[in-house]
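Residue numbers (numbering that gives the first Met the number 0), protein chains in the order written: chain A, 0 to 432; chain B, 0 to 141.
I should point out that these hints are in silico values taken from the structure, not numbers from a laboratory.
Please read these numbers as outputs of a predicted model, since none were measured by experiment.
Using N, Cα and C, we set each Cβ at its ideal position, and we do this for glycine too.
Heads up, a few of these hints could be off.
Claimed, not checked - Computed Cβ-Cβ distance ranges for the label pairs, DEER-style:
1) A:Asn-163 <-> B:Tyr-139: 39 to 47 Å
2) A:Lys-396 <-> B:Gly-26: 54 to 62 Å
3) B:Ala-60 <-> A:Thr-199: 49 to 57 Å
4) A:Thr-416 <-> B:Asp-117: 30 to 38 Å
5) B:Glu-9 <-> A:Pro-276: 45 to 53 Å
6) B:Tyr-139 <-> A:Ile-332: 32 to 40 Å
7) A:Asp-362 <-> B:Leu-15: 43 to 51 Å
8) B:Lys-11 <-> A:Thr-199: 32 to 40 Å
9) B:Leu-15 <-> A:Asp-270: 29 to 37 Å
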Amino acid sequence: MEKYWNKNMECATRDEMRALQSFRLSQTVRRVYENVPYYRERMEKAGVTPDDIHSVDDLKKLPFTMKQDLRDTYPYGLFAVPMDQVVRLHASSGTTGKQIVVGYTQNDLDVWAECCARALTAAGADNKDFMHVSYGYGLFTGGLGLHGGAEKVGMTVIPVSTGNTNRQINIIKDFGSTFICCTPSYALYLAETMEEMGITKDDIKLKAGLFGAEPWTEEMRQEIESKLGLKAFDIYGLTEIIGPGVAFECSEQTGMHINEDNFIAETIDPDTGEVLPEGEQGEIVFTCITKEAFPLLRYRTRDIGILKREKCSCGRTLIKMMKPAGRSDDMLIIRGVNVFPSQVESVLLQLGNTAPYYQLIVDRVDNTDTLEIQVEISPEMFSDTVKSLEDQEKIIKNAIDSTLGISAKIRLVEPKTIQRTEGKAVRVIDKRK
Amino acid sequence: MVKQISIFVENKPGRLKAMTNILKDNGVDIRALSIADTKDFGILRIIVNDPEKACAALKDADCTVTITDVLAVGVDDCPGGLAKVMDTLYDNKISVEYMYAFVSKSENIAYVILRVADNKYAADVLSKAGIKLLTSQEIYDM
């Protein structure tokens with residue numbers, strides 16, 4: 000039996016959801032117009048007033064909000080309530096530039112916890128479960144976001160945060176954690192460390208995990224599931240919108256349901272800004288329609304994905320977002336070809352006997368871009384002749400070249416020499432900048 | 000037959016130092032060694048007095064290690080000594096994947112480590128031709 004946290008919202012009819020979205024959108028636009036001078040100016044420039052926004056169809060009249068707008072108004076320029084109503088601040092890690100800061104009212108925190116509670120419930124969690132949170136606590140939204148959702152569900156929350164991997168594993172084992180959340184790359188690192196400690200998946204009770212905050216592949220999911228003995232769910236979110244819980248996977252695992260009663264999603268052509276029909280790949284754009292403190296309108300996420308509204312076996316009617324192919328920020332342009340690090344990961348995991356640790360080194364030599372992919376050698380692929388290692392390199396190279404469409408140099412490196420991280424993995428070193 | 004340890008080595012400063020120090024710290028004595036090198040990586044091949052211990056210590060230090068059976072052949076330390084071995088192998092259609100030599104403490108004999116596809120067959124033909132093969136014990140006791 001599929002479990003829902005909020006069946007009314009998660010399984011609402013299309014008409015009900017649209018009516019609710021339209022109502023909330025017009026209210027939000029009016030509030031933002033009245034309270035945020037920056038937005039009012041932008042809307043006046045675009046020749047739109049709150050009176051022009053009656054339904055979801057009017058959304059396209061509004062100007063986009065870009066990350067640069069958040070930087071230009073840093074720290075509090077886009078806040079839509081007085082600071083005495085703001086009960087929490089978070090900030091983005093700033094991996095792709097200067098940090099930005101976001102605020103929450105008590106009601107915003109409740110909405111957020113509700114979104115995460117839906118994600119956890121969809122993954123099968125209830126109040127008998129133990130939730131091991133190894134996302135970072137602090138300004139990063141991962142830790143406290145899922146913490147709030149898990150508490151709302153009534154789970155026993157273990158706020159471990161990041162760091163000290165051996166201790167984390169002992170806690171998972173001793174405290175009997177049944178759920179875990181962290182980045183997918185850290186999940187693999189946990190599995191690797193567990194192996195070193197001589198602890199097997201039968202010694203622990205994990206049954207499901209919510210993994211997000213970085214793009215990951217289907218192959219990586221299988222690897223995590225088999226090594227940790229759990230079912231791995233994707234969860235999507237971004238600090239600017241609310242944090243984790245903007246969208247989540249159900250048991251069908253064919254995309255993530257967007258919490259549409261709180262966030263309206265669109266896909267646009269990243270070059271022209273034109274709205275694309277559902278089902279077409281483009282940049283995902285979100286509009287917050289319940290947030291009070293920091294309600295972004297038409298925020299361009301830089302995440303590339305597809306929106307699909309189709310009947311889901313889980314019964315939810317919430318629109319689905321196909322796993323982002325990568326962030327347009329992560330996308331590298333090498334010799335004029337678009338390359339996502341996730342493509343490399345896919346190839347390596349498909350080939351089998353390599354470890355899922357790799358790094359792309361991009362450089363420019365004599366005005367030509369070069370791509371070197373460092374891959375950690377695994378015991379399975381090592382034999383004592385040079386020829387067999389060179390053959391292995393060739394196999395990897397051929398698979399990668401044909402997937403990426405450009406030629407890459409493969410360099411085998413010793414095990415554990417590519418840096419392990421507790422947060423987002425560093426997949427790319429671009430020396431061209 | 001003799002156990003040879005092969006270790007994957009990245010071409011960067013300090014790697015050989017690190018690996019030989021692991022052997023030192025574990026009291027492992029190296030009898031013979033060779034390095035096969037390419038532009039980016041090398042394979043360090045060693046014959047030691049205690050392969051099991053060396054292998055465990057290297058693995059503990061996250062080295063990628065494999066053990067291969069190789070032949071250790073004693074040849075007369077005079078012109079034509081090695082040629083005799085090669086003649087025998089050639090006559091029996093045995094290809095050498097790689098080989099390296101080391102000198103012994105005894106005067107008139109040198110040793111060659113040989114890697115071939117079929118150790119047993121090669122050992123047979125060499126023995127029949129009167130060429131001395133070392134046992135692993137003889138190597139360890141050197």
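Self-check item: Violated hints, by number in ascending order, as checked against the structure
Solution: Violated: hints 2, 3, 6, 7 and 9.
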